[in-house]
Every structure is written in structure tokens, then in C-alpha cells.
Amino acid sequence: MDTHIAEPWRAGRSLATELRAVLMIARKEWMIFRRYPSWVIALFIWPVLMPLAYIFTAQALGGPGGESLTRFQQLTGTRDYAAFIVLGSILWMWLNMTLWDVGMYLRNEQMHGTLESNWLCPTWRVSLILGGALTKLLVSVAFILISLLEFRVLLGVHLLAGNVGLALLALLLTIPIVHGIGIAFASLVLRFKEANAMVFLVRGIFMIFCGITFPVAVLPGWMQVIAAVLPLTYAIHAVRAALLANAGWAELSADLLVLGAYAIAAPLLGYILFGIVERGARRRGDLGQY
Amino acid sequence: MPSTSLAQPTWRSYIRAALAIARKDTIVFFRYPANALFRVIEPIAWLTPMYFLGKSFAGSAGNTGFAAYTGTNDYMSFILLGAVLANYIAAVFWGMGYALKSEMDAGVLESNWMAPIPRALLLVGQTLASLAITTFNSAGMLLLGWLLFGFQVSGNALAAALILIPMLVALYGFGFAFAAIVLLMRDANTMVDVSNYLISMLAGSQFPVQVLPRLLLPLSLALPLTYGFDAIRALLLGVRPLLALHYEIAILIGFMAVMTPLGYFVFKRIERYCQMRGTLSMH
Amino acid sequence: MASSAPVLEFPPPVPADVLAAHLYTPSRAEQLIVDVHDLRKVFVKRRSAPDASMWQRLALRAQRTDERVAVAGVSFGIAEGEIFGLLGPNGAGKTTTIRMLSTLLQPSAGRATINGYDLASQPDMVRRNLGAVLTGERSIYWKLSARENLEYFAALYHLPPAIARRRVAELLERLDLASRANDPVEGYSSGMKQRVAIAKALLANPPVVLLDEPTIGLDPQSARNLRELILEIKREGRTVLLTTHYMEEADLLCDRVGIIDLGKIIALDTPAALKRSIRQLDVMQLEVEAFDEALMPELEALPGVQQSAVRYRDDERVWSLALHSTDSRAVLPRAIALITAHSGRIRHMAVAEPSLEDVFIALTGKQLRD
Ligand SMILES: Nc1ncnc2c1ncn2[C@@H]1O[C@H](COP(=O)(O)OP(=O)(O)OP(=O)(O)O)[C@@H](O)[C@H]1O
Ligand SMILES: [Mg+2]
Chain A
1 MDTHIAEPWR AGRSLATELR AVLMIARKEW MIFRRYPSWV IALFIWPVLM
51 PLAYIFTAQA LGGPGGESLT RFQQLTGTRD YAAFIVLGSI LWMWLNMTLW
101 DVGMYLRNEQ MHGTLESNWL CPTWRVSLIL GGALTKLLVS VAFILISLLE
151 FRVLLGVHLL AGNVGLALLA LLLTIPIVHG IGIAFASLVL RFKEANAMVF
201 LVRGIFMIFC GITFPVAVLP GWMQVIAAVL PLTYAIHAVR AALLANAGWA
251 ELSADLLVLG AYAIAAPLLG YILFGIVERG ARRRGDLGQY
Chain B
1 MPSTSLAQPT WRSYIRAALA IARKDTIVFF RYPANALFRV IEPIAWLTPM
51 YFLGKSFAGS AGNTGFAAYT GTNDYMSFIL LGAVLANYIA AVFWGMGYAL
101 KSEMDAGVLE SNWMAPIPRA LLLVGQTLAS LAITTFNSAG MLLLGWLLFG
151 FQVSGNALAA ALILIPMLVA LYGFGFAFAA IVLLMRDANT MVDVSNYLIS
201 MLAGSQFPVQ VLPRLLLPLS LALPLTYGFD AIRALLLGVR PLLALHYEIA
251 ILIGFMAVMT PLGYFVFKRI ERYCQMRGTL SMH
Chain C
1 MASSAPVLEF PPPVPADVLA AHLYTPSRAE QLIVDVHDLR KVFVKRRSAP
51 DASMWQRLAL RAQRTDERVA VAGVSFGIAE GEIFGLLGPN GAGKTTTIRM
101 LSTLLQPSAG RATINGYDLA SQPDMVRRNL GAVLTGERSI YWKLSARENL
151 EYFAALYHLP PAIARRRVAE LLERLDLASR ANDPVEGYSS GMKQRVAIAK
201 ALLANPPVVL LDEPTIGLDP QSARNLRELI LEIKREGRTV LLTTHYMEEA
251 DLLCDRVGII DLGKIIALDT PAALKRSIRQ LDVMQLEVEA FDEALMPELE
301 ALPGVQQSAV RYRDDERVWS LALHSTDSRA VLPRAIALIT AHSGRIRHMA
351 VAEPSLEDVF IALTGKQLRD
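Chains as they are written, first to last, in the working numbering: chain A, 1 to 290; chain B, 1 to 283; chain C, 1 to 370.
Hints are not guaranteed to be accurate.
[Said to hold, decoys possible] Computed list of lysine-lysine pairs in DSS-like fashion (alpha-carbon distance at most 25 Å, straight line):
1. B/K101 x B/K268
2. C/K264 x B/K268
3. A/K28 x A/K193
4. C/K143 x C/K264
5. C/K234 x C/K45
6. C/K45 x B/K101
7. C/K366 x A/K193
8. C/K264 x C/K275
9. C/K275 x C/K234
10. B/K101 x C/K143
11. C/K366 x C/K275
Please keep in mind that the hints were generated in silico from the structure rather than gathered at the bench.
Computed from a prediction, not measured in an experiment: that's the story for all the values here.
Build the full structure now, drawing on both the sequences and the hints.
Rendered as C-alpha cells:
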């Protein structure tokens with residue numbers, strides 16, 4: 001009668017077992033993550049350091065008495081260039097971390113030879129990735145909170161002044177987008193095995209086209225077209241407008257709509273791509289190779 | 001039939017040894033051509049945002065705010081020159097700092113340390129390679145900068161190159177000490193990364209250091225590199241210097257006079273330490 | 001009946017005269033190309049954890065809490081043209097000795113000369129007269145080709161360009177590397193990499209060659225070829241100091257062997273003389289399945305047994321048992337009875353010629369490999 005114990009493979013997949021698997025994978029990732037003390041620096045030091053160079057450059061561009069700030073204000077709606085840059089850089093670093101972590105997650109397992117043993121488990125492939133992503137998501141949330149706090153204390157940049165609710169909504173919609181980009185990226189890394197160059201390429205594209213440290217309006221026409229395709233452009237615009245210009249529903253609904261669409265499309269496309277790569281890998285049998 | 005060693009040390013054989021080391025480093029560097037190319041195009045990823053950041057502050061008369069600080073509104077040439085100098089800083093931190101360590105990890109450092117040459121000569125050879133490679137990278141970067149951002153300089157390039165000499169000698173003197181210290185560290189990655197970024201930034205590779213907040217400005221002014229950046233920009237771009245040029249040059253020469261023996265001293269000391277503890281082969 | 005057996009000490013002391021005869025006492029008259037006097041190395045371990053800060057490590061004033069004596073004073077001399085082997089188990093101090101002689105490690109005490117040059121005061125001359133392979137295939141650049149490696153090290157060893165070119169070509173040819181001389185080393189087999197490392201050591205035509213475990217990690221065929229090469233190096237008139245923990249290798253290659261254990265040389269002579277020293281003993285070798293190691297004391301207590309050692313051999317899944325006794329005919333039946341009574345199955349046994357391994361067992365009561 002007790003077929004569940006005698007023949008566990010008959011038990012099949014239930015949501016509960018998958019969920020347990022996801023949590024176990026997340027736990028494993030967390031334990032590995034804790035082993036490397038340099039994460040402290042990644043979490044606490046880089047978020048402040050990275051935008052500093054841009055902030056100081058902006059200060060220099062603004063002039064000693066802020067005489068050039070009027071132009072900046074016309075373009076962005078704010079004179080607070082520090083807050084403007086900080087918001088962009090937080091989002092970018094979040095994406096950057098996800099690219100490295102999710103992108104490298106499968107690749108690392110591939111290089112250590114543990115990918116195949118994970119693949120052998122009767123777990124849904126998506127769970128394998130979700131489990132890894134869950135840990136990273138927690139780390140990302142911690143990262144964003146720490147960044148906000150550090151900028152408040154160290155640079156006196158006050159970010160939680162405007163329409164916090166809408167900014168939060170935009171961020172929530174961005175989570176699945178970043179995750180989707182991460183999965184797509186991980187699939188490509190798995191396929192082409194050139195992680196470093198690809199991280200550089202992808203994050204460089206976002207850095208240059210999404211207006212991380214400057215308003216997209218100054219880009220030449222053809223670059224603006226590319227910017228308009230990238231979801232991060234909308235996320236950054238929405239968060240900035242909500243927090244720095246206290247924008248409401250009326251101004252942001254278009255941005256949020258686009259983000260909502262991407263929030264559905266990005267993970268979907270990511271997983272479809274992943275499925276294609278996985279099938280290809282199984283056909284060629286190069287999953288364990290590196 | 002006793003054999004006698006073929007080693008015939010002369011002053012020329014020492015130079016040949018240093019050049020052989022430089023040649024070896026260069027060959028190894030270009031064995032990864034993608035890497036070499038990457039070094040040239042990587043800076044574009046942060047230079048482009050800088051370029052557009054400048055555009056978003058530019059009024060009808062150009063970047064007048066920037067000109068009020070520096071005396072020039074060509075902020076992009078200002079930043080590109082800074083990026084070139086920052087390349088040398090990065091070369092010292094990553095190249096020099098890591099070269100010995102990666103040879104140690106590969107196991108080949110001992111082979112070099114058993115050769116009948118002063119061990120500091122290995123670093124001299126590495127310095128030569130690093131200078132050549134970095135200059136090559138920088139030239140590529142400036143070419144791209146010229147194509148994309150209209151990089152241009154006027155002014156006395158020869159004088160600027162002369163100022164570069166004490167600055168680079170001092171920087172690489174520091175590199176000797178740094179390379180030796182990295183040898184002792186387990187995971188130096190983060191330290192190298194953070195110090196490289198901070199020092200480049202504080203020396204003003206991207207902006208005039210006058211904009212730094214009161215807390216950071218003294219740190220910046222305490223770095224001799226700051227004056228090197230400043231003097232070279234003053235000569236090539238007509239930037240208003242922080243101090244009179246001859247003071248800046250004196251600071252750089254003093255920096256060189258201190259850093260070079262200090263770097264050598266630290267290196268010797270750590271060499272002795274390694275020889276005592278046998279840490280060279282622990283991987 | 002066992003009551004008549006002599007009371008055995010364990011381990012039995014090596015007779016003082018035997019020991020004295022085998023320990024080298026340097027004599028001024030000999031022409032020694034490598035001359036080592038009471039060389040010691042004590043590693044001072046810091047108390048703090050491995051992740052102690054750099055500054056703690058830099059502070060050389062060590063907290064002298066944990067000292068590890070790696071080499072406890074060794075003396076030996078090597079005559080010109082000799083192959084001298086240091087044979088000993090893991091951690092005996094072989095590598096440490098050889099690394100001190102190659103100027104990579106500062107001795108704590110003692111002195112040594114190589115080709116007449118003093119290790120401490122003339123390290124540069126010592127390096128000029130030495131060729132060494134310490135970390136095997138890892139001692140060369142994998143990203144460079146064999147030729148580039150050799151040209152590079154030729155410059156570091158001060159070879160004039162013309163001589164360097166000739167020497168590199170000659171060595172590539174001789175070590176059978178010429179056909180792939182321009183490919184990066186990373187694509188070579190282990191044996192080829194090892195040969196490049198040896199070519200590197202021979203570049204400057206050094207009178208003395210140091211080899212640390214030269215055949216470790218090589219397949220049997222490559223190891224055989226390499227041993228052949230080492231003999232060739234000797235025939236060129238070079239002096240070779242090598243370490244090994246394969247007794248067959250020491251036996252085959254070395255003119256004289258120093259047996260080293262726990263940082264001390266406990267015997268030193270030609271392999272033949274070393275084996276002769278225990279010839280009055282019968283060496284019994286048994287391979288036993290399902291052996292119970294708890295039996296060892298009982299076996300050792302058998303009358304006539306002088307020394308014994310046991311080792312489990314993974315590859316064959318048997319226990320290798322060595323018994324030294326003055327009278328194997330009396331001991332063997334009783335040993336077999338004892339083992340089989342405890343359900344051990346004897347797969348193979350022999351009364352063998354003593355090997356260097358048996359010398360080591362006789363001296364230390366341990367197997368060389370474990
Ligand atoms: N750098 C070091 N610091 C501390 N202890 C060391 C160091 N190098 C070696 N030792 C210790 O000295 C002892 C002798 O080591 P050594 O490497 O000389 O042995 P070996 O005879 O070469 O052994 P093996 O057959 O394993 O190569 C060992 O106990 C080792 O742990
Ligand atoms: Mg050893």
C-alpha cells in the first residue's frame with residue numbers, strides 16, 4: 001500500500017516537493033555564499049564607491065556655483081544630480097550582481113562538475129534556477145537597503161522623499177525582469193561559455209543605453225531607439241520620477257504599463273531560451289564540458 | 001670530466017635577463033588576444049556615460065561650469081587623459097601586484113628565484129613589460145577616444161612625457177612593495193580592486209579634485225599622483241594647475257626619490273621572509 | 001615453549017656499530033662536490049589561524065609556540081659524478097633539504113657547499129652551478145612553448161646569445177622535444193613537460209643537478225625513460241642529487257643512498273651495502289587477505305622475529321606484511337598458523353632478498369610507503 005516509500009519515483013512531482021527542492025537549493029547557495037568573506041565588501045563598499053566617480057564628475061560639470069545645473073534640471077526635472085546618479089547606479093548594480101550571480105551560478109556548477117549531478121535529480125529544471133535566484137534576491141534586497149542607508153548617512157542623499165509607493169511598485173515589477181534577463185544570460189553563458197566577455201557586453205549595453213548616470217534625452221536618436229527597447233530604461237525613469245519629482249499615477253502609468261508587460265515577457269523569454277539551450281546541451285552532450 | 005657552468009654574467013647579460021622577462025610577460029599577455037583587445041575597449045563602458053553626463057550639463061556655450069573649475073571646457077579630453085594615467089595605476093596594482101602571485105600559484109616562481117639573478121630584476125623586467133603593454137593599450141584607447149569623443153590635446157607633449165617619467169618610476173617603485181605584499185596574501189582580489197579604484201579616483205582621474213568634499217580633499221592632496229595628473233593636464237590641455245608647475249614637478253621627483261628605495265626595501269624584506277618560511281611554494 | 005624466547009625490545013635498537021658504519025662522516029680528503037654539514041630547518045608556525053592579517057604575518061617576531069623540525073641536522077657528501085639519493089617516507093624532510101640546497105629556503109643552522117661555493121655567503125655562485133627540477137612540470141611556463149621557455153631561462157642564467165641558441169637547439173633535440181618545440185607547453189603530456197623542466201635545469205651545463213621526486217606522477221613508461229635520462233646525465237659527468245620514495249628507483253639509479261626519516265639521515269651507503277647490512281636477517285613477505293592488524297603484536301612476539309611492518313595496499317586489496325627474523329624456517333609456520341587461525345587468507349608469500357625498503361623497516365619499524 002505504501003507505494004510512496006517503496007517506489008519513490010512513482011510519487012511524481014508535487015508542488016510541495018518542488019518547493020522543498022527550491023528551498024534546499026536556496027539554502028545550499030546561501031551556505032556557499034557565506035563562505036566567501038569578500039561579499040561583505042561587495043555589499044557595503046562597492047555600492048558607495050561605484051557612483052562616487054560620476055557624482056564628483058557631475059559636481060565638476062555643474063561648476064563651482066552650480067551655474068551649469070540649469071541645463072541638467074531642464075533635462076531631468078531635478079537639480080539633485082547625486083540622488084539622480086545614485087538611483088541609476090543602484091538599479092544598475094542590482095542588475096550587474098544578478099548577471100554575475102545567476103549567470104555564473106550555472107557556469108560555476110558546470111565548471112565544478114556539480115551541474116550534471118544536479119541535472120540528474122528528478123527536480124524541475126526551473127526549480128534549480130529559482131532556488132539559486134531566491135538567495136540572490138534576498139541579497140539584492142539587502143543590497144538596495146544598505147545602499148540607501150549608506151547614501152543617506154555618508155552623502156546626505158535623501159532618497160525616500162517622493163512617491164515611495166510607486167517607486168516600490170516599479171521596483172517590484174523590475175524583479176521578474178531582472179530575473180528573466182539573468183536566466184537568458186545564464187543560458188547564453190551555458191551555451192557559449194564565455195562569461196567574462198558576456199557580462200562585460202551586457203552590462204556595458206545597459207550602462208550606456210539606459211541612462212544610468214545621465215538623462216536618456218541627451219543620447220543621439222538611434223541610441224534613444226535602443227534605450228526605448230530596454231526595460232531598465234523605464235524602471236530607472238519611473239523610480240527617479242517617483243522619488244525625485246514626486247510623480248504620480250498620471251505621469252508614471254505609461255512606464256509602469258511597459259514594466260508590467262516586460263515583467264511577464266522577460267521571465268517567459270528567459271525560460272524559453274533556457275529550455276532551448278538545455279535541449280541543445282542534451283543533444284550535444286556538452287553539459288559537463290567546459 | 002667535470003662540467004663547468006655556462007653562465008657568464010656580464011652587465012649585458014643582466015640587461016638581457018631583464019629583457020627576456022619583459023618579453024616573456026608580453027608573449028604571455030598576447031597569448032590571450034581577446035584579453036588584449038578587451039583592455040582597449042573596456043574603458044568605453046565607463047567613458048561613454050561620462051561623455052553623456054557632460055552633455056547633460058552643457059549649455060549653449062559648452063561646459064561653462066567645468067571650465068570655471070578647470071579653465072577648459074573640453075571635459076572629455078580631461079577625462080581621457082586621466083584614464084590613460086589611471087591605466088598605469090591599474091597596471092601597477094593588477095599587473096605588478098598579481099604577476100608574481102600568479103607565477104607563484106602556477107608554480108613557476110621558484111624556477112625564476114633559483115636563477116642566478118637578483119630577484120628584484122624579475123620585477124624590473126615585469127615593469128618594462130607592463131609599461132610597454134599599458135602604453136600600447138592607452139594608445140588604442142586614445143585612438144578610440146579620438147574617434148568617438150573627439151579627444152584632442154594641444155600643448156607641449158614632450159614636457160608632459162618628461163613629467164610622466166618620475167611619476168611612473170615612483171608608481172612602479174610602489175609596485176615593487178605592493179607586488180611583494182600581494183605575494184603574502186591569500187585572497188588579495190578585493191583589496192587590489194578597491195585600492196586601485198580609490199587611488200585613481202582620489203588622484204583625480206575623472207574630475208578636478210577641487211570638487212571633493214572637505215573630508216576627502218586632504219587625502220587627495222596627500223597623493224603625489226594627484227600632482228602628476230594635474231601637471232600633465234596643465235601642459236596638454238591648459239588646465240589651471242593646483243600649484244605652480246615647478247612645485248608639482250618637485251613633488252613628483254621627491255615621490256620618486258622616496259618610493260623607489262622604499263619599494264625595493266619592502267621587496268627585499270619580504271623576499272627574506274619567504275626564504276625563511278618557505279611560503280613560496282605553498283599553494 | 002615461548003618462554004625460552006629472548007625478550008625483544010620494540011623497535012629493536014640498531015646496533016651502534018652498524019649505524020656508525022653507515023653514517024657519513026665527512027672526511028676532508030675526499031673531493032666532494034656537494035658537501036652538507038648538519039643542515040637544519042625548523043619552521044616556526046604562527047599560532048594564529050591561517051587567515052591572520054598580513055601585518056601579523058609580516059611581524060617576523062614569531063610567537064614561537066609551534067616549531068616544526070623539518071630537517072633535524074643532516075650531513076652528507078656527494079662525490080663528483082655520483083648519483084646520490086635521499087630515500088624516505090612522506091614528510092621526512094627530503095624536499096626541505098633540497099630546497100635549502102637550491103637557495104630557495106634559508107637553513108636554520110648548518111652549512112653546505114656546492115662545487116666549492118658556500119650556500120650562505122655565495123648564493124649566486126651556487127645558483128650558477130645548480131640545475132634543479134623541484135616542482136616538476138609546474139616549474140615551467142605553460143603558456144610559452146618549449147623553445148620560448150628555454151630561451152627565457154637561458155637569459156636568466158646568463159648564457160650569451162650564441163651559446164644559448166646552440167644549447168637550446170641541442171637540448172630540444174636530445175630530449176626529443178624538437179618536433180613540438182614551438183607549441184605551447186600546455187598541450188604537452190606530463191612526460192614531455194617533465195622533459196622540458198629537465199632541459200631547463202640542464203641549460204647552463206651545471207655540474208650539479210637536483211631532482212625532487214622526478215618520476216612522481218608519470219606513467220611507468222615515461223618514468224622508465226626518465227630514469228634512463230638521469231643515468232645519461234650522470235654519464236655526462238654531472239653530479240645528481242635526487243629524492244624519491246620509491247625504493248626500486250633509489251636502488252636502480254643511485255650510487256649511494258641516504259635513508260632519511262623524521263628529518264634525520266639514519267643510514268647512508270651504497271644500496272648493496274645497505275642491503276648487505278641486514279643480510280643476516282631473513283626477510284619474509286606475505287600478502288594476506290582479511291588480515292587483522294591486531295595480530296601484529298603477537299606476530300612480533302614470535303621467537304626470532306626482529307622487526308615487522310604492515311601496510312594495506314589499496315590497489316590489490318591485501319595487507320602487505322614484512323617480517324624480519326634470524327630464522328625464517330622456525331618463524332614462518334607459526335606466523336602462518338597464527339594468521340589463518342584468525343581467518344586471514346594468505347595469498348602469496350616469499351622469503352626474499354632484502355630490499356632498501358627492508359633496510360628502512362629494519363631501521364625504523366615502518367614501511368616506506370603507507
Ligand atoms: N613551508 C613550510 N612551513 C611549515 N612546515 C613545512 C613547510 N614545508 C615543509 N614543512 C614540513 O616539514 C616536514 C618535511 O617536509 P618535506 O616536504 O621536506 O618532506 P618530504 O620528505 O619531501 O615529503 P614528501 O615525500 O611528502 O614530498 C613536513 O612535516 C612538512 O609538513
Ligand atoms: Mg617532497
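Hint check:
Among the hinted pairs, B/K101 with B/K268 is consistent with the structure: their alpha-carbon atoms are about 16 Å apart, no more than 25 Å. Restraint check for C/K264 and B/K268: the C-alpha separation of about 32 Å exceeds 25 Å, so the hint is violated. For the hint pairing A/K28 with A/K193, the CA-to-CA distance comes to about 24 Å; that is within 25 Å, so the pair holds. For a cut-off of 25 Å, the pair hint linking C/K143 to C/K264 is broken: about 39 Å separates their Cα positions.
Straight-line distance between C-alpha atoms of C/K234 and C/K45 comes to about 39 Å, which puts the hinted pair past the 25 Å bound. Under the criterion of a C-alpha separation no larger than 25 Å, the hint pairing C/K45 with B/K101 is consistent with the structure, at around 22 Å. A threshold of 25 Å between alpha carbons decides the hint, and for C/K366 with A/K193 the separation of about 50 Å lies outside it, so the pair is violated. Under the criterion of a C-alpha separation no larger than 25 Å, the hint pairing C/K264 with C/K275 is consistent with the structure, at around 19 Å.
Straight-line distance between C-alpha atoms of C/K275 and C/K234 comes to about 23 Å, which keeps the hinted pair within the 25 Å bound. Distance restraint check for B/K101 and C/K143: the Cα-Cα separation of roughly 16 Å lies within the 25 Å cut-off, and the hinted pair is therefore satisfied. Of the pairs offered as hints, the one joining C/K366 and C/K275 holds, with about 16 Å between alpha carbons and a cut-off of 25 Å not exceeded.
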